[in-house]
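Heads up: the sequence lines are chains A, B and C, in that order.
Read in the UniProt record's numbering, the first sequence has 59 at position 59, and its numbers run on one by one without any break.
Read in the UniProt record's numbering, the second sequence has 207 at position 207, and its numbers run on one by one without any break.
Read in the UniProt record's numbering, the third sequence has 204 at position 204, and its numbers run on one by one without any break.
These are computed hints drawn from the structure, not numbers from a lab.
Watch out, some of these pointers could steer you wrong.
If several chains are the same, the list does not tell them apart, and a pair holds so long as it fits within one copy or across any two.
Mimicking DMTMM-like on lysine to aspartate or glutamate, the simulated pairs with C-alpha atoms at most 25 Å apart in a straight line are [unchecked claim]:
| hint | residue 1 | residue 2 |
| --- | --- | --- |
| 1 | Lys46 | Asp208 |
| 2 | Lys112 | Asp152 |
| 3 | Lys82 | Glu197 |
| 4 | Lys296 | Glu216 |
| 5 | Lys46 | Glu83 |
| 6 | Lys46 | Asp135 |
| 7 | Lys82 | Glu37 |
| 8 | Lys82 | Asp208 |
Note that the structure is a prediction, hence the values are computed from the model and not measured.
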Amino acid sequence: MPGTATHSPPVPDAQSCLHAEGPRLSPLVWGAWRSREGEETDTPAKLARFLDGCLELGISSFDHADIYGDYGAETLFGQALKEWGGRRSALQLVTKCDIALLSPQRPSHVVKHYNSCGDHILASVEQSLRNLGTDYVDLLLLHRPDPLMNPDNTADALDRLLRGGMVRHVGVSNHNPSQVRLLQSRLGRPLVTNQIEFSVTTLAPLFDGTLDQALELRMRPMAWSPLGGGGLFTGATDQARRTLAALEAVGAEMGVADPGTVALAWLMRHPSRPVPVLGTSRLARVRTYMQAASLKMQRQHWFQILQASQGHEVP
Amino acid sequence: MPGTATHSPPVPDAQSCLHAEGPRLSPLVWGAWRSREGEETDTPAKLARFLDGCLELGISSFDHADIYGDYGAETLFGQALKEWGGRRSALQLVTKCDIALLSPQRPSHVVKHYNSCGDHILASVEQSLRNLGTDYVDLLLLHRPDPLMNPDNTADALDRLLRGGMVRHVGVSNHNPSQVRLLQSRLGRPLVTNQIEFSVTTLAPLFDGTLDQALELRMRPMAWSPLGGGGLFTGATDQARRTLAALEAVGAEMGVADPGTVALAWLMRHPSRPVPVLGTSRLARVRTYMQAASLKMQRQHWFQILQASQGHEVP
Amino acid sequence: MPGTATHSPPVPDAQSCLHAEGPRLSPLVWGAWRSREGEETDTPAKLARFLDGCLELGISSFDHADIYGDYGAETLFGQALKEWGGRRSALQLVTKCDIALLSPQRPSHVVKHYNSCGDHILASVEQSLRNLGTDYVDLLLLHRPDPLMNPDNTADALDRLLRGGMVRHVGVSNHNPSQVRLLQSRLGRPLVTNQIEFSVTTLAPLFDGTLDQALELRMRPMAWSPLGGGGLFTGATDQARRTLAALEAVGAEMGVADPGTVALAWLMRHPSRPVPVLGTSRLARVRTYMQAASLKMQRQHWFQILQASQGHEVP
Chain A
1 MPGTATHSPP VPDAQSCLHA EGPRLSPLVW GAWRSREGEE TDTPAKLARF LDGCLELGIS
61 SFDHADIYGD YGAETLFGQA LKEWGGRRSA LQLVTKCDIA LLSPQRPSHV VKHYNSCGDH
121 ILASVEQSLR NLGTDYVDLL LLHRPDPLMN PDNTADALDR LLRGGMVRHV GVSNHNPSQV
181 RLLQSRLGRP LVTNQIEFSV TTLAPLFDGT LDQALELRMR PMAWSPLGGG GLFTGATDQA
241 RRTLAALEAV GAEMGVADPG TVALAWLMRH PSRPVPVLGT SRLARVRTYM QAASLKMQRQ
301 HWFQILQASQ GHEVP
Chain B
1 MPGTATHSPP VPDAQSCLHA EGPRLSPLVW GAWRSREGEE TDTPAKLARF LDGCLELGIS
61 SFDHADIYGD YGAETLFGQA LKEWGGRRSA LQLVTKCDIA LLSPQRPSHV VKHYNSCGDH
121 ILASVEQSLR NLGTDYVDLL LLHRPDPLMN PDNTADALDR LLRGGMVRHV GVSNHNPSQV
181 RLLQSRLGRP LVTNQIEFSV TTLAPLFDGT LDQALELRMR PMAWSPLGGG GLFTGATDQA
241 RRTLAALEAV GAEMGVADPG TVALAWLMRH PSRPVPVLGT SRLARVRTYM QAASLKMQRQ
301 HWFQILQASQ GHEVP
Chain C
1 MPGTATHSPP VPDAQSCLHA EGPRLSPLVW GAWRSREGEE TDTPAKLARF LDGCLELGIS
61 SFDHADIYGD YGAETLFGQA LKEWGGRRSA LQLVTKCDIA LLSPQRPSHV VKHYNSCGDH
121 ILASVEQSLR NLGTDYVDLL LLHRPDPLMN PDNTADALDR LLRGGMVRHV GVSNHNPSQV
181 RLLQSRLGRP LVTNQIEFSV TTLAPLFDGT LDQALELRMR PMAWSPLGGG GLFTGATDQA
241 RRTLAALEAV GAEMGVADPG TVALAWLMRH PSRPVPVLGT SRLARVRTYM QAASLKMQRQ
301 HWFQILQASQ GHEVP
């Protein structure tokens, strides 16, 4: 029953931290992006059971954003947390801010935009804490690079949240290297991650400096759509078909039947040690994917998959 | 009458400096690029009156280059300055060097090229000072990145000009981040600006690291063709038509009838606080555009215009 | 006879070093890439004579890689060195590692890949030393940026090779600026070069930050395919035809009949002072190309050739 089981989550070690300063996350993270539509996650009671299931599998970190579920996913998760009733400290909660959606929930919005103003960040985090029913998040991310970001103003708000304890660590999402460098130049504390789109079919971070910077700053990335957003399995493109065939071939050699798990192992093989954010709302899938955390893909297998995705051998 | 009026230019403050080290410029700058063809600027007497008009409007900074007007615009301006007769210290003069045009004025040129050699820079500035009839410029810019720049040699010349007082501050124009970083690595003084093409229809600097770097270095950019080079108003492209419609819609909400003024307010809203360089030679237009300096565009209005220019909402 | 002549190679000076820390290379370098197919270089005896010829011309630096000649070019060169019999210290040997080819020589390879693992680097260098019959190389380069590079592990291996004296200096090849920055951030010694593709028809390094970084780090690049890989002379493209015509026109003004020599002078005119790696296996060609080392191309000639290659004048 949710909340009654005692969990012994995997003992975190330095290897499982995003950054020397923290936070410690589980090897894979569950993302609440589509929780409100998930058959196993769309009510507080179901989500509480799902949460229990994740913890049993070794997933203790949960990725949110103010905007997920049309501004409703955090609230659903907060209700689930109450039903669950376990210790807050057994979980790591990540949330994000700065995207402003066109939504009935936000009638004042007339255009989709970003808002990295200090005042907005403070208000957004306060709302997220209320929604989640907690007094801190382990990690706050700026969701998208705001072309109107005033870095002094934004950094000041982040520093205030850190000092006040509402936020334990800060990072960014979808930021390119010069955007990371700019914000870091004004912050008193290190950005601990850049949550990016990265998968066997989204290779840009390997070559555009994003992962080079992550390694240089010793900041582990998080990866959203770590399975290529679904298109990988529907064979929507030549790239998807070639890549899926390579995942199956490598999987056969590794003794792993599920190509999605091989795709995660491919991603996690990168020396920056990306943490995948799983979007599935089916616990059986989560269980399967968790195998990726204990696989170590061989170098040549990794390049076979890269070659299939790129459609040509490396230069 | 030119030269007889006493001007009280707006009191400069730290906010109006390009950089902590200076110089203080007016909120908008008038550019002499096309002065020799301008109906109100094509003779010394007319240009002296135009200069008076600019000062009355609060524009005290004037942008030049050795090559403007086929190497003749500085001389025209110098003649106008004599007719005007006011205090040199009431003005800020910017000039540039390093482009070498094919021109009857430079018979030794056989190909358009750049020249960032120390000797050329020193000679070019000496000539500019003679043309302008002044013993210093407030700001000297390298006009284009020279692929043959020897950064030690170039920096040495710039440092000599700074020490000698012929040039009060130095900067660059049209340089990308790695070009800025290279030159800065050899200079004893900070580059105070990067004068770039930036407008509602030229958005690249928002995304290619140019404005990130300006913010990181606390170096305000200057913006040339801040109205999109004219194409914005002729509806030459779908982008221009969409953007103009958005400028008009936002202008209606802001109570600003002129879309060009809204375009300038959009540009000046960027946190790097770009200084537009106006290319118009009509004082009535300058008067209209000066309103942009006292407008503060709302965030959503800014994104409405961005979305119109890009043709899609932000990700 | 090879090995019997006494050579007095050009006295090296600070100008001829790739970096303040070394190594000193000859103004041009001969590359062994295609030595096994070269009419004058395909046997140890012939190659020993060729080596003598190079030294007489002032070329004392030789560029290798483990993979050249299907993993056989280093061995051929080592055999030639024995026949030659001169002093090892009269030569500078460069080699590379980290590309893994599909080859009968490497039956374990199932896909072309890269390998920057410390263990692989150490084993590869040991093999190169055995092949070349020497106990050190003057310069070791990482041949291609490995997307799986663990920079700590790679840097550790390079530092060990440097401390052990098997490798006198280290550098990279085909690395972009963020890849250079990453590896440098973990190395105790400076990377002394980036060997890149650069020529009159391969202009990207001028504009993508590669040469800016080389200048900033005071690290001279080496240039492979410095003549455009041959396509320049076969008129394979419009760009090649325009560029060749410009090389001939400029050559006529410089009194240099050979357009390849003009192309090398163009390349060597860059302020980063690139060192061309010659791919020809004909000593007569090498003799011709060596003239480039004593030419200093005029600025306008350089831009005439740039304009021809780009197909338009500079902005």
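Hints and how they fare:
| no. | hint | verdict |
| --- | --- | --- |
| 1 | Lys46 <-> Asp208 | neither (41 Å within a copy, 45 Å between copies) |
| 2 | Lys112 <-> Asp152 | within (24 Å within a copy, 42 Å between copies) |
| 3 | Lys82 <-> Glu197 | neither (31 Å within a copy, 54 Å between copies) |
| 4 | Lys296 <-> Glu216 | within (23 Å within a copy, 39 Å between copies) |
| 5 | Lys46 <-> Glu83 | within (10 Å within a copy, 80 Å between copies) |
| 6 | Lys46 <-> Asp135 | within (23 Å within a copy, 68 Å between copies) |
| 7 | Lys82 <-> Glu37 | within (20 Å within a copy, 74 Å between copies) |
| 8 | Lys82 <-> Asp208 | neither (43 Å within a copy, 45 Å between copies) |
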